[in-house]
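Spelled out from the first residue to the last, the chains are:
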Amino acid sequence: QVQLVESGGGLVKPGGSLRLSCAASGFTFSGYYMSWIRQAPGKGLEWVSYISSRGNTMYYADSVKGRFTISRDNAKNSLYLQMNSLRAEDTAIYYCARDRGDVPGEYFDYWGQGTLVTVSS
Amino acid sequence: QSALTQPPSASGSLGQSVTISCTGTSSDIGGYNYVSWYQQHPGKAPKLMIYEVSKRPSGVPDRFSGSKSGNTASLTVSGLQAEDEADYYCSSYAGSNNLGIFGGGTKLTVL
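Order-wise, the sequence lines are chains L and Z. Oh and the first sequence: position 105 is 105 in the numbering used here, straight run, nothing missing. Count along the second sequence from 1, add 1000, and you get the number used in the numbering used here.
Calculated from the structure, these hints are not laboratory results. Careful: at least some of the hints might be erroneous.
Once the Cα atoms are required to be at most 25 Å apart in a straight line, the calculated DSS-like pairs of lysine-lysine come out as [unchecked claim]:
| no. | chain 1 | residue 1 | chain 2 | residue 2 |
| --- | --- | --- | --- | --- |
| 1 | L | 43 | Z | 1047 |
| 2 | Z | 1044 | L | 43 |
| 3 | Z | 1107 | L | 43 |
| 4 | Z | 1107 | Z | 1055 |
Part of the chain Z face toward chain L, derived, beta carbon under 10 Å [unchecked claim]:
| no. | residue |
| --- | --- |
| 5 | 1006 |
| 6 | 1007 |
| 7 | 1010 |
| 8 | 1032 |
| 9 | 1045 |
| 10 | 1057 |
| 11 | 1063 |
| 12 | 1093 |
| 13 | 1095 |
| 14 | 1101 |
| 15 | 1103 |
Here are some chain L residues the structure puts well away from chain Z; computed CB gaps all over 12 Å [claimed, not checked]:
| no. | residue |
| --- | --- |
| 16 | 21 |
| 17 | 62 |
| 18 | 100 |
Just so you know, even glycine gets a beta-carbon here, dropped at the ideal spot from N, CA and C.
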């Protein structure tokens, strides 16, 4: 069965960095687009970043552009999110999700359980 | 891109029906048939309930249905059950070079 397992979250000071990972299993990872979506405590969902199946096309929300970098290693069935210059407003649960359909973000059919990132001094 | 607009709350009695709306613009909901809906129980990850406006993934009960008219999409839950009590989020594609956008979420209470 499809599984997505995030890791790498934690407490970091403003201005710091963190790298999130998402281990995929149960499907042919290299054949699917993937995305990171976050949810601030008690708030709604926000799409953060998208990467194509081969890793040659990426999109970012304006709120993270220039600070976050999405990448993937298809040989390791893994998705990553490098987060630099972190701000308090980046505090959220970060989900990796399998991105389906004809266009980026058309819909997300499987989600991981999420990893919590807390940015605080 | 601004978030899609959903009512913060909705409610219905067991066995009855409830409809949750999601309003966008001609640049997102109105421009494409790429609306999806997600159910989220407290402390859990979102779950896909509807995609491409009205399609249901395998395993989602047919009590859940989706529709769209102009710039507004709707999710209808018929025959409400206790386990339907959750937060519901709509999402829409918003054009090339734009990431998709989500609604603010609707908390559905089953009375």
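So, going through the hints one by one against the coordinates:
For the suggested pair residue 43 of chain L and residue 1047 of chain Z, the alpha carbons sit about 16 Å apart, so the restraint of at most 25 Å is met. The straight-line distance between the Cα atoms of residue 1044 of chain Z and residue 43 of chain L is roughly 14 Å, inside the 25 Å bound, and the hint therefore holds. The straight-line distance between the Cα atoms of residue 1107 of chain Z and residue 43 of chain L is roughly 12 Å, inside the 25 Å bound, and the hint therefore holds. Between residue 1107 of chain Z and residue 1055 of chain Z the alpha-carbon distance is near 22 Å, which keeps this suggested pair within the 25 Å criterion.
Checking residue 1006 of chain Z against chain L: minimum C-beta separation of about 9 Å stays under 10 Å; hint holds. At about 13 Å, the closest approach between the beta carbon of residue 1007 of chain Z and any beta carbon in chain L exceeds 10 Å, and the interface hint on this residue is violated. Annotation: interface hint on residue 1010 of chain Z violated; nearest CB of chain L at approximately 15 Å, more than 10 Å. For residue 1032 of chain Z, the interface hint holds, since its Cβ comes within 10 Å of a Cβ in chain L; the closest pair sits about 8 Å apart.
For residue 1045 of chain Z, the interface hint holds, the least distance from its beta-carbon to any beta-carbon of chain L being 4 Å, beneath 10 Å. Satisfaction of the interface hint for residue 1057 of chain Z is found here, the shortest Cβ-Cβ separation to chain L being roughly 6 Å, below the 10 Å cut-off. Given the 10 Å rule on beta carbons, the hint for residue 1063 of chain Z is violated: about 19 Å separates it from the nearest Cβ of chain L. The closest approach between the C-beta of residue 1093 of chain Z and any C-beta of chain L is roughly 5 Å, which is under the 10 Å cut-off, so the hint is satisfied.
At a threshold of 10 Å, the smallest CB-CB gap from residue 1095 of chain Z to chain L is about 9 Å, leaving the interface hint in force. Checking residue 1101 of chain Z against chain L by beta carbon gives a least distance of about 7 Å; that is within 10 Å, so the hint holds. Proximity of residue 1103 of chain Z to chain L holds as hinted, the smallest CB-CB distance being about 7 Å (cut-off 10 Å). The claim that residue 21 of chain L is not at the interface with chain Z holds, since no C-beta of that chain comes within 12 Å of its own (minimum 16 Å).
Residue placement check: residue 62 of chain L does not keep its beta carbon more than 12 Å from all beta carbons of chain Z (closest about 9 Å). Non-interface call for residue 100 of chain L relative to chain Z: violated, since the shortest CB-CB distance, roughly 7 Å, does not exceed 12 Å.
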